[in-house]
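**Q** Sequence:
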Amino acid sequence: MKKEFKVMRKKHSYRSGRNVLFRVIATVVVAAVLFAAGWFLYQPAYNWVMGLTRPQEESSSQSEQVAEEPRPQEEPQLPEPLPQNWSEELRAVWIPAEVSVNAAALESYLNSLPAEPVNAVVLELKNQKGSINYQTANEIARLAGAQVPGAFDLAAVTDMLHQKGYLVLGRLYAFEDCIATAVLEEGKVRYAGTEYAWLDNSAAEGGKAWLNPYAPQAQDYVAQLAAEALDLGVDGIVLDGLQFPTGFSLNLADYGNTNDVARPVVLNRFAERIETLVEAKEGVGCWIYMDAAELVLPEEMGQLGPYGGNAAQVVENRSLMVNVMPAYFGIGSDMGITLPEKPVANPAATVAAALKGLKLSGDKAQVMPVLQAYTAPDIASEFNLAYGQEEVEQQIDA
Numbered sequence: 157m158k159k160e161f162k163v164m165r166k167k168h169s170y171r172s173g174r175n176v177l178f179r180v181i182a183t184v185v186v187a188a189v190l191f192a193a194g195w196f197l198y199q200p201a202y203n204w205v206m207g208l209t210r211p212q213e214e215s216s217s218q219s220e221q222v223a224e225e226p227r228p229q230e231e232p233q234l235p236e237p238l239p240q241n242w243s244e245e246l247r248a249v250w251i252p253a254e255v256s257v258n259a260a261a262l263e264s265y266l267n268s269l270p271a272e273p274v275n276a277v278v279l280e281l282k283n284q285k286g287s288i289n290y291q292t293a294n295e296i297a298r299l300a301g302a303q304v305p306g307a308f309d310l311a312a313v314t315d316m317l318h319q320k321g322y323l324v325l326g327r328l329y330a331f332e333d334c335i336a337t338a339v340l341e342e343g344k345v346r347y348a349g350t351e352y353a354w355l356d357n358s359a360a361e362g363g364k365a366w367l368n369p370y371a372p373q374a375q376d377y378v379a380q381l382a383a384e385a386l387d388l389g390v391d392g393i394v395l396d397g398l399q400f401p402t403g404f405s406l407n408l409a410d411y412g413n414t415n416d417v418a419r420p421v422v423l424n425r426f427a428e429r430i431e432t433l434v435e436a437k438e439g440v441g442c443w444i445y446m447d448a449a450e451l452v453l454p455e456e457m458g459q460l461g462p463y464g465g466n467a468a469q470v471v472e473n474r475s476l477m478v479n480v481m482p483a484y485f486g487i488g489s490d491m492g493i494t495l496p497e498k499p500v501a502n503p504a505a506t507v508a509a510a511l512k513g514l515k516l517s518g519d520k521a522q523v524m525p526v527l528q529a530y531t532a533p534d535i536a537s538e539f540n541l542a543y544g545q546e547e548v549e550q551q552i553d554a
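In the numbering used here, the protein residues as written are 157 to 554.
For the record, the hints were derived by calculation from the structure and aren't laboratory data. Since we're looking at a predicted model, the values are computed, not measured. Treat the hints loosely; a few may be bogus.
[As the list claims (entries may be wrong)] In the BS3-like style, the derived pairs of lysine-lysine whose C-alpha atoms are separated by at most 27 Å in a straight line are:
(1) Lys-515 / Lys-437
(2) Lys-498 / Lys-512
(3) Lys-437 / Lys-320
(4) Lys-285 / Lys-364
(5) Lys-498 / Lys-520
[What the hints assert, rightly or not] Computed spacing ranges between beta-carbons, pair by pair:
(6) Ala-259 / Lys-512: 41 to 51 Å
(7) Lys-515 / Asp-553: 16 to 26 Å
(8) Ile-487 / Gly-306: 37 to 47 Å
(9) Lys-515 / Gly-488: 14 to 24 Å
(10) Ala-542 / Gly-488: 11 to 21 Å
(11) Lys-512 / Glu-341: 44 to 54 Å
(12) Ser-264 / Met-491: 37 to 47 Å
(13) Pro-372 / Asn-258: 33 to 43 Å
(14) Asn-413 / Asn-357: 38 to 48 Å
Beta carbons are placed, not taken as given, at the ideal position from N, Cα and C, and that holds for glycine.
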């Protein structure tokens with residue numbers, strides 16, 4: 157029988173000073189947001205602090221928390237080493253790729269973080285184009301030219317982060333990859349009846365090829381990168397792009413011999429493969445990144461959708477990072493949930509409605525909301541709101 161999924165709520169109190177109090181004591185995960193002054197080097201410009209835990213059978217409530225803008229310190233304190241029961245204490249901040257490739261920038265970025273709540277970081281290892289931001293020895297990546305110029309030394313970066321007391325999570329896009337398709341002839345989606353790579357739009361409109369989730373060659377490539385990252389010091393994996401292609405002419409996409417295995421089953425098995433890999437290498441865990449819409453209307457995605465039907469079948473009983481940022485909903489969205497008339501202008505109500513609308517099964521599923529800490533540049537002023545500390549706290553309290 158399908159078991160009810162519940163998003164746990166939290167309480168917080170306001171504290172003075174410029175530190176962030178963020179303690180996670182439960183199995184259901186809650187995210188807060190941390191501003192890193194001076195390091196808005198990417199678009200949209202936001203940082204996220206996340207509480208992460210391993211799956212457990214019982215859950216309890218979270219402790220009090222509040223986010224404030226940190227002030228760079230001349231002599232920054234280092235985080236306390238993680239205790240043996242790290243699963244109750246892990247908190248992480250996302251580090252953009254632009255910072256990771258510059259040692260001085262990374263050092264300053266870390267120094268700007270409050271030492272008390274942050275004990276883990278998330279590095280961007282492979283993006284949605286398939287570009288790899290670290291120095292990889294993977295032969296497929298080399299042949300495809302996937303490594304970006306100026307890629308950082310992952311072993312050196314993880315060593316530095318570990319010495320400072322941080323655990324390191326690596327974010328990898330799985331099958332949303334238009335670079336590796338150039339060399340993985342048996343690993344790409346093709347147009348039916350041809351040898352040509354299928355594109356999600358016309359070539360003139362920038363259409364991109366995708367890796368084929370059914371193809372062992374594609375699966376092995378992503379798994380190899382995850383294994384390499386773990387061997388180079390990464391402690392856990394954030395798996396993004398775990399899906400089938402989206403775009404135009406989906407009916408023309410050919411996935412080869414599927415052995416009549418349903419799409420959700422293929423994705424589920426691959427997620428389990430990465431989870432098993434992380435466990436075998438004594439990592440801290442694997443998290444699947446998804447947008448809220450995929451979990452609000454999972455049954456309406458359709459067989460040609462990114463999850464081949466119900467997304468909940470893919471993520472049942474898994475650890476998730478779910479995008480519920482108000483800017484994600486734009487000026488309003490018909491998702492079968494009651495959103496405020498102006499989602500961005502009502503951060504707390506929007507986040508609360510989105511979390512309430514998530515449809516998941518399994519008594520061990522964990523949700524980590526990804527919240528908004530920036531002013532959306534592409535929302536008209538009559539629907540927009542300048543985001544600051546107050547708006548961040550409203551989302552945390554939702």
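**Q** Each hint needs a verdict: does it hold in this structure or not?
**A** Tested hints:
no.: 1; hint: Lys-515 / Lys-437; verdict: violated, 32 Å
no.: 2; hint: Lys-498 / Lys-512; verdict: holds, 18 Å
no.: 3; hint: Lys-437 / Lys-320; verdict: holds, 22 Å
no.: 4; hint: Lys-285 / Lys-364; verdict: holds, 9 Å
no.: 5; hint: Lys-498 / Lys-520; verdict: violated, 33 Å
no.: 6; hint: Ala-259 / Lys-512: 41 to 51 Å; verdict: holds, 43 Å
no.: 7; hint: Lys-515 / Asp-553: 16 to 26 Å; verdict: holds, 23 Å
no.: 8; hint: Ile-487 / Gly-306: 37 to 47 Å; verdict: holds, 38 Å
no.: 9; hint: Lys-515 / Gly-488: 14 to 24 Å; verdict: holds, 20 Å
no.: 10; hint: Ala-542 / Gly-488: 11 to 21 Å; verdict: holds, 19 Å
no.: 11; hint: Lys-512 / Glu-341: 44 to 54 Å; verdict: holds, 46 Å
no.: 12; hint: Ser-264 / Met-491: 37 to 47 Å; verdict: holds, 40 Å
no.: 13; hint: Pro-372 / Asn-258: 33 to 43 Å; verdict: holds, 37 Å
no.: 14; hint: Asn-413 / Asn-357: 38 to 48 Å; verdict: violated, 26 Å
Consistency note: the structure conflicts with the earlier hints numbered 1, 5, 14.
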